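Please put together the full structure from these sequences, using the hints given.
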Amino acid sequence: MRRSSRKRFILVFSFLAFNFLFFFSVHHLLSRSDILPSKGLPETRRTVPQNRYTFAENLSSVIRHGKPWPFLPSFLPWTRNPNLPPKSCEGWFGNGFTREVGLIRPPQEGARYGFSSTRGWFRCFYSETLLSSVCEAAGLRMDPAKIRMSKGGEKLESVIGRAEVDEMPHFEPGAFALQVGKLSNGSRRIASEEFLDRYVPSGEIATHTMRDLIASIQAVEEDSGELQCDQWVEDTTLLVTRFEYANLFHTVTDWYSAYVASRVIGLPKRPHLVFVDGHCKSPLEETWEALFSSVRYAKSFTGSVCFRHAILSPLGYETALFRGLTDSISCEGVPARVLSEKPDDGKTARLSEFGEMLRAAFGLPMHRDWVKKSSMGFNVLFIRREDYLAHPRHGGKVESRLSNEEEVYVALRNWSNGYSKCKVNLVNGLFAHSPMKEQLHAIEDASVIIGAHGAGLTHVIAATPKTAVLEIISIEFRRPHFALISQWKGLDYHAINLPGSAVDPAEVISRLSNILWNLGC
164 MRRSSRKRFI
174 LVFSFLAFNF
184 LFFFSVHHLL
194 SRSDILPSKG
204 LPETRRTVPQ
214 NRYTFAENLS
224 SVIRHGKPWP
234 FLPSFLPWTR
244 NPNLPPKSCE
254 GWFGNGFTRE
264 VGLIRPPQEG
274 ARYGFSSTRG
284 WFRCFYSETL
294 LSSVCEAAGL
304 RMDPAKIRMS
314 KGGEKLESVI
324 GRAEVDEMPH
334 FEPGAFALQV
344 GKLSNGSRRI
354 ASEEFLDRYV
364 PSGEIATHTM
374 RDLIASIQAV
384 EEDSGELQCD
394 QWVEDTTLLV
404 TRFEYANLFH
414 TVTDWYSAYV
424 ASRVIGLPKR
434 PHLVFVDGHC
444 KSPLEETWEA
454 LFSSVRYAKS
464 FTGSVCFRHA
474 ILSPLGYETA
484 LFRGLTDSIS
494 CEGVPARVLS
504 EKPDDGKTAR
514 LSEFGEMLRA
524 AFGLPMHRDW
534 VKKSSMGFNV
544 LFIRREDYLA
554 HPRHGGKVES
564 RLSNEEEVYV
574 ALRNWSNGYS
584 KCKVNLVNGL
594 FAHSPMKEQL
604 HAIEDASVII
614 GAHGAGLTHV
624 IAATPKTAVL
634 EIISIEFRRP
644 HFALISQWKG
654 LDYHAINLPG
664 SAVDPAEVIS
674 RLSNILWNLG
684 C
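Numbering (our numbering), first residue to last: 164 to 684.
The set of hints was computed from the structure by calculation and includes no laboratory data. Predicted, not measured: the structure shown is a model, and the values here were computed from it.
If you anchor each label on the Cβ, the simulated ranges turn out as follows:
1. T370 <-> E549: 30 to 40 angstroms
2. T370 <-> L346: 23 to 33 angstroms
3. G466 <-> P236: 40 to 50 angstroms
No farther apart than 20 angstroms at their CA atoms in a straight line, the calculated lysine to aspartate or glutamate pairs in the EDC-like style are these:
4. K505 <-> E516
5. K462 <-> E327
6. K314 <-> E449
7. K318 <-> D329
From the three backbone atoms N, C-alpha and C, an ideal C-beta is built for every residue, glycine too.
Structure representation (structure tokens):
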């Protein structure tokens, strides 16, 4: 009996192992971009009587060469729900872009949105919650010569003193164009002011570059021969204009908006990205490159370029991360499994999903047991401010948010070295000159994150479950940025509100001791 049982065990094990290896190999081959055809869709003009494929199938044909989406434990489907309640958490942080508005429709009546025809189309998905749109176009031509801005992508040291207005895009009429059948009303502009006011409102944003870009798009009749393209970009491309591009908080809002737009459209792979701005290189650019399939600047193209499929993402100012500073967004962050079992309009896991996306983009592991990360001791990360040259108009000196920061750090170091209740590792979070992967690694390993109010604390968006946050807030900087991010991620948040700009180190140590005790130290 024992020998017979052993034989059965060996046969079953061999069968399961063979199936695992077979399916793993097939999945690996199908996901490799290097075995896909190197050439995209034909560049010649041709008209297809009717596009018989679904939009998802068409998307697969225009994003052949791109990075796959990584596995994210907190990922939930980005389904478009037309009955989604306004101001729900999914409306704020997920796919609240539920109203489809077709501005230029496909060539044939009843045809699906596709990418086989040279004639263009343009549509938007509007969010009643965020009052902004994710828009997409097929066959969109960009003429860099009609966009007034600096070239962009230069080394910072070579453009010291350059004005910010020179780096922001100013679109001349026809900077972008779409080929249509016939002009319907004699106007070459595809978007009226009424359309822009309704679906791409400026709100309180003084210069709304996405709105200005859409306003510059001109319709070109198919028979006119005016739509000449010096080159075609066959893969799906995200067009992004960055504001305050050297500030981590504002850049995270841009990253998040670009990520949301990609998911809302339902892209099967990560899109390529074009900066429609003239900013110089910055350390944060490496994260753009990690998140998306490729990055280049609009002015790096020579001559006109046509995008087979282009996506316009809302500005970072239009995300819930920024809107929450003035609007009341009382969402609670919970694990994705909780929402998967019981959907709740008052709860969200989207920021946890995005935090995982940031870590996964740099190859950091997603399968670690975060509850047991204290087995090697409790890492206490003290995020600090240090001088660095941020942008052409920056003098290289950062504004102090905690006047006795060094004193606090020394006190914490001495305390942690002598603490006997558990092992405490104090991590000196001087991040200004560190690669982003190292910064994110320190964040994911932290049991407690401490810092004065400042953009560096935006890193808590990538913190793992069970992480506690202790923010030290001087009287001049009482704003809710990081309390809100912690709330929306479901993190344990604490604050020390100061009457001035200095904190008593003993108070920090006392608060930290209580936090560690609650974590099991």
